[in-house]
Amino acid sequence: MENKDTRKELVVSALENGTVIDHIPPKSVLQVFKILDLEKHMDQVLFGINLESRRLGKKGLIKIKNKFFKIDEINKIALVAPTATLIVIKDFNIIEKKQVEIPDTVENIVKCFNPNCVTNNEAIPTKFTLIDKGELKLLCHYCEKTTAKDNIKFL
Amino acid sequence: MKNRSLVSINDFSKEEYIKILDIAEEFEKQPKQKILDSYVVATLFFEPSTRTRLSFESAVNQLGGSVIGFSDASSSSVKKGESLKDTIKTVANYSDLIVMRHPLEGSARFASEVSNVPIINAGDGANQHPTQCLLDLYSIRKTQGKLDDLHIAFVGDLKYGRTVHSNVIALTNFNCTFHFVSPTELKLPSAVKRHIKDKNLKYYQYTDLSEVIPTVDILYMTRIQRERFSDPMDYEKVKNSYILNKEMLNGCKDNLKVLHPLPRVNEINEDVDDMKEAYYFQQALNGVYVRQALMAAILGVK
Chain A
38 MENKDTRKEL VVSALENGTV IDHIPPKSVL QVFKILDLEK HMDQVLFGIN
88 LESRRLGKKG LIKIKNKFFK IDEINKIALV APTATLIVIK DFNIIEKKQV
138 EIPDTVENIV KCFNPNCVTN NEAIPTKFTL IDKGELKLLC HYCEKTTAKD
188 NIKFL
Chain B
510 MKNRSLVSIN DFSKEEYIKI LDIAEEFEKQ PKQKILDSYV VATLFFEPST
560 RTRLSFESAV NQLGGSVIGF SDASSSSVKK GESLKDTIKT VANYSDLIVM
610 RHPLEGSARF ASEVSNVPII NAGDGANQHP TQCLLDLYSI RKTQGKLDDL
660 HIAFVGDLKY GRTVHSNVIA LTNFNCTFHF VSPTELKLPS AVKRHIKDKN
710 LKYYQYTDLS EVIPTVDILY MTRIQRERFS DPMDYEKVKN SYILNKEMLN
760 GCKDNLKVLH PLPRVNEINE DVDDMKEAYY FQQALNGVYV RQALMAAILG
810 VK
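Protein chains in written order, with the working numbering: chain A, 38 to 192; chain B, 510 to 811.
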């Protein structure tokens, strides 16, 4: 345990300043990329898929140099990567480590499940309220229909 | 309520819609008052609904206001590909209040966010139709003298009928007992039932219409639409099971009233029309008073 932790910190500490997003389900890494708009980041971004993880078996990881997220910004990824851990690094030191949380309002990330919803027919950003954290049920602000875990599609 | 939009029945509090019903009572006594003579109301009907549109327009005209708008999207700029946002923003420049009916769910909520004049939702797809709900509450209160402690039956398509959903949700603010009569495939969705459970009210479910008649104060009939069934055979099986006729009302409570949002097809036999229990035509007329009250409250003249 002790040994493992040291090794992990070594990997993480290779970043001088920035953010590491750890414990991403491997399949969701590219979605996280998209949600956080990392393609547009002007500095170094490294990512790994199918890395070994004691907790998840396999995991994904993203390291973003010189980038610090606001809490609302990072929580957006909780929908695709509920297991993700956020690690903030400054001067090679971990200064913050926390679990992502699904936000109470989800804006412009998820598509409304209802084909007859105005957001699927006009150029309108989607907006949902989280009504059930456990089962991940999102109530559409516009059509008032619920989009649940099984039928979530990302924009 | 001044300058507020009414998109969903939940946008107003219980006290606010009771206030609307009280104002509607004044209009029932005196429907012609020149209190909107300096106002322009736009009625934008992106899909046709003659009954609702005429009811709103009659309400405005009787109060001396002017009406602009269209009754069908094909005669408007929508046909040229204009976005909903642009249509609403443009019309908001020409009017003091917009009444809209649109086939897409959530369209009225969106309109209320981009418009600088209040929006009244006159139906957004299968989602909400709050003025129908208000006129139903008005009709129930008028015929029963109260909204509390009533036994109310909803009959027909309870799964897709948005009127039923908003009425049930609104009535959970009062101490009502609900009786739901429908084919198994058209039962009330659990999301709506949750509102009843949250308020600790009672509800019962039936598949047989005659069973419920002796116990209820209000019998709210709705149409079962063919297009709701994926298999036309399923429709054929149930289409005649929920038809009310004169004979079935034998043994009903003395105060029972039959309501229907109209148009009806055949779910209420014409032999019921002349009975004292039939209230659906008066109910439609109440729509004018309730819409007058709502518009007067939103425009701040009442």
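Rather than coming from a laboratory, the hints here were simulated on the basis of the structure. Don't be surprised by glycine CBs; every beta carbon is placed ideally from N, CA and C. Take these hints with a grain of salt, some might be off.
In silico negatives: residues of chain A with every beta carbon more than 12 angstroms from chain B [stated by the list, open to error]:
#, residue
1, 53
2, 67
3, 71
4, 95
5, 106
6, 128
7, 130
8, 151
9, 153
10, 164
11, 168
12, 181
13, 183
14, 192
Covered stretches of chain B (in silico footprint by chain A; criterion: 3 or more residues with CB under 8 angstroms from a CB of chain A, positions within the stretch not fixed) [claimed, not checked]:
#, segment
15, 590–596
16, 634–648
17, 694–703
As a list, the in silico SDA-like pairs of lysine to any residue whose alpha-carbon atoms are at most 20 angstroms apart [said to hold, decoys possible]:
#, chain 1, residue 1, chain 2, residue 2
18, B, 696, A, 190
19, A, 182, B, 698
20, B, 589, A, 158
21, A, 170, B, 700
22, B, 702, A, 181
23, B, 594, A, 157
24, A, 182, B, 635
25, A, 174, B, 704
26, B, 598, A, 162
27, A, 182, B, 678
28, A, 71, A, 189
29, A, 182, B, 737
Right, here's what the structure says about each hint:
1. 53: Given that every Cβ of chain B is farther than 12 angstroms from that of residue 53 of chain A, nearest at about 44 angstroms, it holds.
2. 67: Since the minimum Cβ distance to chain B is about 30 angstroms, residue 67 of chain A lies beyond 12 angstroms and the statement holds.
3. 71: 25 angstroms, holds
4. 95: Holds, because the least Cβ-Cβ distance between residue 95 of chain A and chain B comes to about 37 angstroms, which exceeds 12 angstroms.
5. 106: 28 angstroms, holds
6. 128: The claim stands: residue 128 of chain A keeps its Cβ more than 12 angstroms from every Cβ of chain B (closest is about 45 angstroms).
7. 130: The claim holds: residue 130 of chain A sits with its nearest Cβ about 45 angstroms from chain B, beyond 12 angstroms.
8. 151: 6 angstroms, violated
9. 153: Given that some Cβ of chain B is not farther than 12 angstroms from that of residue 153 of chain A, nearest at about 5 angstroms, it is violated.
10. 164: 10 angstroms, violated
11. 168: 10 angstroms, violated
12. 181: 6 angstroms, violated
13. 183: 7 angstroms, violated
14. 192: 16 angstroms, holds
15. 590–596: holds (count 3)
16. 634–648: holds (count 4)
17. 694–703: violated (count 1)
18. B/696 x A/190: 28 angstroms, violated
19. A/182 x B/698: 12 angstroms, holds
20. B/589 x A/158: 15 angstroms, holds
21. A/170 x B/700: Answer holds: residue 170 of chain A to residue 700 of chain B is near 16 angstroms, not above 20 angstroms.
22. B/702 x A/181: The hint holds at about 16 angstroms.
23. B/594 x A/157: Between residue 594 of chain B and residue 157 of chain A the Cα gap is close to 14 angstroms, so the pair holds against 20 angstroms.
24. A/182 x B/635: 10 angstroms, holds
25. A/174 x B/704: Measuring from Cα to Cα gives roughly 17 angstroms; hence the hint holds.
26. B/598 x A/162: Cα-Cα ~18 angstroms, so holds.
27. A/182 x B/678: 15 angstroms, holds
28. A/71 x A/189: Given pair residue 71 of chain A, residue 189 of chain A holds - Cα atoms ~16 angstroms apart, limit 20 angstroms.
29. A/182 x B/737: Satisfied, since the Cα-Cα distance of roughly 18 angstroms is no more than 20 angstroms.
Of the numbered hints given earlier, the model fails hints 8, 9, 10, 11, 12, 13, 17 and 18; all others are met.
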